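*Asks:* Could you slot chains B and C onto chain A? The hints should help.
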Amino acid sequence: MSMLAPLLAAALAAHPLGDFSVNHYDGLTIHPDRIEHLAIVDSAEIPTLQQEPVGSAAGHARRACASLRDAIRAQAGGRPLTWDVADASFAYRPGSAGLRTSRLTCRLAAPLRVDRPLTLTFADTYLAGTIGWREITAKGHGVRLGASSVPAHSVSRELRDYPADLLSSPLDVREARITVEPGDGGTGARASTTATGIEGIGGIAGALADRLVSAVTRWTGTLADRLNALIGADRLTVPLGLLALLLSLVLGAVHAAMPGHGKTIMAAYLAGRHGRLRDAVTVAATVTGTHTAGVLVLGALVTVTASFAGEAVLGWLGVVSGLIIFAIGAALLRSAVRRRHEQGDGHGHGHGHGHGHGHGHGHGRWSGGVAALAVAGGLVPSPSALVVLLGAMALGRTVFGVMTVVCYGLGMALTLLLAALVLRRLGDLALPGRLRRLRPYSAAMTATLVLLVGTGMTLRAVTSLA
Amino acid sequence: MNRVRRLLPLLGCVLLGCVLLTLYAPEGVLRRDEPPGPPAWSPFDLAGSIEDAQSRLRRHPDDAAVWASLGDLYLEQARRTADAAYYAKAQGAFERSLRLPTGDGEPYIDAVIGMGALANGRHDFAGAVRWGERARKAAPYRWPLYGVLTDAYLELGQYEQAESTLRRMLDGRPDLASFTRAARLEQLRGRIEPARKLLHRACEIAGDPGEYAFCQWQLGELAWHDGDPRGARTAYAQALAADPEHVPSRAGKARAEAALGRTDQALRDYATAVARSPSYVVEYGELLEHLGDRDGAKRQYAVFAAHSRLLAASGSPDRLPMGLFEADHGDPDAAVRHLRAEWQRRRSVEVADALGWALHRAGRHAEAAAYATRADQAGGRNALFAYHRGEIEHALGHAAAACAHLSRALSINPHFSPGGAARARALLAATA
Amino acid sequence: MQLTSARSRWAWIVAGGTSVAVLTATVLLGPAMRQGTATSHWDAPATTVDKQIDATDLYAFTSPERQDTVTIVANYIPFQAPHKPYQFDTSARYEVHIDNTGTGKAAITYRWTFADKGLPVPSFIRKREHQAGPLDSLVEQSYTLTRLRDGKWETLVRDGYVAPTDMGGPAGPGYPSLRRKAVRDLPGGGKVFTGTAADPFYSDNHAVSMLRFGLPFFPVKSGVPMNVSALALQIPKSELALRGDAAANPVIGVWTTASRKSSSLLGSGSGDYKQVSRLGNPNFNEVIIPLKQRDRFNTLRPEGDESGNLVVPSTLDPDQARVVARQAKVDAPPAPRKDLEEIYLTGLSTRGDGPIGRDLNSHLLNRDAPRVVKAEELRLNMSTPVATAPDKYGLLKGDLQGYPNGRRLIDDVVTINLRMLLGEPAGKGAPGLIAEDNPAFLLKPVSGSFPYLALPVTAAG
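Chains as they are written, first to last, in the numbering used here: chain A, 1 to 466; chain B, 1001 to 1432; chain C, 2001 to 2461.
These are calculated hints, taken from the structure and not from any lab test.
Don't take every hint at face value.
[Unchecked claim] Here are the computed distance ranges between Cβ atoms for each label pair: (1) T2090(C) / E1051(B): 30 to 36 Å; (2) P2445(C) / K139(A): 47 to 53 Å; (3) P2225(C) / Y92(A): 50 to 56 Å.
Being a predicted model, the structure only gives us computed values, none of them experimental.
Glycine included, C-beta positions come from ideal geometry on N, C-alpha and C.
Bound conformation, chain A alone:
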């Protein structure tokens, strides 16, 4: 019995939220000229041990608070807030079984002028993968808080006293949304309309673009549905089949025009730039071929192996295609720079000639690059084409499915050709006045653009892989 008593005491002293918990508290105080943030991280025994500080406690606190600061996503009126760590401290407390718990306290501040109603958003992503209590509070000091998604006072008394009630779960609040107004409040309503006006202008363009894209998406969705209905029809007559193929042609064309296919448009542009339809056709054919092959191979893989990790493959294809574009961009930039060096400054005046000259010069390299761009463009199979194919296969209409996919690729190619033609037309029109001067740089511009897009695509693909 005497043995049992200390055991029980130790059990009672264990961290109330589990010895593996990392508990967060973010207390926001909004002043007219700044926002203060008290961040407390209460780590139970095990995480305390796992993140044992190296060096002095003060140094550890500074470093930890700096990374906490970097993990805060906070915006006021759409603009990110920049935080400074005003104070950092780190202390141990005795835990159970002779171990320690720890408490990190960071005081941060960010400048903020509350001279009109503002919407504040706040999210703490510090150590987001750990379990534990997460609490945010917000109060105003000299300003008035409008709607707030979080309370003003901490129910855990800033992580000192966790409610141990059987009918409550640990808090898990990771985000807050608060509206603040200047304290006097008289002009609140008017100021709010002005603010909407100002913010609105930027927003309207984005909203319009958004709406356009979503309208097109909806429309293609309907088309895809029709296509599905046709493929799944009880009896597949010739007119029905032709209609399905036509639909997939249209779907492919729209697909190529959607954002995310800037790369293919660019390939078309590169081809069209030289005014040769043959190049454009090559590009279109390559895109179609690559895309169709990609969809077929992936479809076959999915069919053969149920456990096939398709997501990963799509991700990697994205990386590969981004890298290809990046490499092409780099090569283009190099050749553009070199060409300018060769031509020297004397050539600067002969605009029209310079263009033709350059074209003749690097034709072989260019068409190779264009083909590679096209391959990159078609490399990532579009999931909707894949679904169409699988749907057809599921119904035992494999050949028809393959035909649909080919039509899908043809549709994509059609869009590209169209884009190439239009761009070619535009290119034939004399560039007005001052813009004409840009012509000698167009090679470098294109190359830089390709490079940037390649970088962006690679980055995006890599992030989606992780």
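*Replies:* Using the frame of chain A, we list chains B and C on its own:
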């Protein structure tokens, strides 16, 4: 001036590029976002269910059934998040339920079964058997109790009881609970194909992402033990796709990645896993140690030691992990003490193997051989057991037997423990 | 300039060499791993969400616009969220049984079995194309409908089309055609529909919390319209009636079961089909049968109800009656509850010994019934005329065509069962417990023709 003018267009296209990037980048204006998915709630959403049950109990605090259901939900939460704090909550809820009056005047049956499941979760397997048998007496047709009993019997090494309980369960209600447990028994008996078939069936009838993740994780474990790290990784990845928080699958994936030589990914996955659950720190430490990061390994071992102290302080009876750890990374004599105590408590093949290995490490090879043989003979196709047996035979000077066991270990799973596998190969080469 | 570049080149070479060496070492040595099973114990879900074989509701009523037929709807897989595909279990048998003799034995059994039509949908596609139409065909299943009569199996439908759920979005407008496609004619003048529909079940929240007090908590958001997978039949009365004579033998008993294929263990034991779900009268298993025996009831057949020691004693003295009465602060009639026995186990008849003196739906009313036993079935008198103004409280409000004489889609069975548990219609009961003007109603109105079920709920509503 001239130079500036020449640079201008270049700047221009950099700007243009930036604009395009902001337009198309993730969360950019023109990015075609994924179409809106299904509504965020699911009818069987765990957090939502817990909230519902809590609010109902605030209104009707004397409903034994809802208290028991809340206990089950807390238990499920503990299972999914590996957050042991929920065990205490589950216990509180079950105890409330047991105290409340019911229609037939007896303790509410699901609370009794829940206490058994809770005891299993806390590795108090004998306690689980007591609760389970009590439930069986009161309600022999309440199928979940057979799951509790089967798990406990398997951990206690009472395989005959486990089998008969399981047969009753399969007869009464073929479902995910019985199929996954049947698969486990098949695997213990070395019957890989039937186990895989059962798990596939379980995956098909999984009712929610958490259950699906569990089945896929089991498939992963099966593939891993069968020497197929690639297949294991695929299954773990499927589990994580369904439930990204599934810690055992995260750790399993890390193990498979490491076996496939993808060390960076393995370390990342381990770091994620150990940040959520203490069960994998030793594995993680062993990987770090092997990669030459002794300090990192030491830190993980320290975490393990601390966690064991916490567990001991809170009254956890399970000494198997501690014994295994001491045998490999600490004091073999202490390991023998721990495991002898555990052997008194339960006689499963895992404990037999661990005790044999600890005895071997402590230099008592003859005694070790008896336990290792027992584990290896009853433990199905387990490469680690075979390897341990081979090492012990080698220490005893039985070259031929050692050879046979070591090559069998390698044939079952060449990745079972690359350190061990390398040593097994070296020993084989030396004797050949 | 030269110097730095040379130095940096060296730095690069050294760094590269180191990393190659580290990588090689990693690959050669590999990690020393112990299998994870030793430290983490095996932790399976304690309770499982097994919806696929969960019979939720059974309806049986005279088809209002084809009064020479009876419509039977058995609903499975409850609480389907809109937008998500759900599938029947391909290793299970879903059955609807008809007892026209009153012996508790099925005279006719309709059996559905399902097969996946396409490939299993890869999860990564599912994630990307939430609203893609073609997914519908990927998760499609086909079914075979067979009929067992006089010991002979007969295939009625081969490769039937199972209506998928409405994936919402652009797929919406075309959905009614899928519904039409899923309704098929049966040989002999019947019809069948199999597939997803809006769940017609509705109830009064107060009645549910009263009736279910002390029963396991249902972790489901209430008041949210959801879908269900329906097995619906419309069968000529002459096919169902004893000796094909619906005029002389108008009473049938209906129940539905699901059986799933089990598995052998360690090479022995049978992998037979085990009955895992049984449903006749709504709420009977959860309210009348004690919780401890509920899983057992799911494995039983009606023919054994009278001789078994579970169904009859539970009906005569249900624990839940006392629990509910205590909660509602009213008195439940004393045991033995011969009224409940008459309602659930024999059907209403003046020829038996039940206290409800009314000839309604007992097999005793069948002229050619040989010997009538007590068995829990949903009993329907096919000769009861279709009510011109149906009442959702059915028999309790004098609407003889409503529950418990069969069950229509509009019947508020939870309230009716609650009131019957408290003594109606044999005694006074507690009719005012649930306000009759309560707002409980069907979340989506039923349609006027077979299968009467509303189209699936979509995310948009």
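*Asks:* Are the hints correct? Go through all of them and say.
*Replies:* Consistency of the hints with the structure:
1. A beta carbon spacing of about 35 Å between T2090(C) and E1051(B) agrees with the range 30 to 36 Å that was offered as a hint.
2. The beta-carbon spacing between P2445(C) and K139(A), approximately 50 Å, falls within the hinted interval of 47 to 53 Å.
3. Against the hinted window of 50 to 56 Å, the Cβ-Cβ separation of P2225(C) and Y92(A) comes to about 54 Å, which satisfies the hint.
The earlier numbered hints are all upheld by this structure, with none contradicted.
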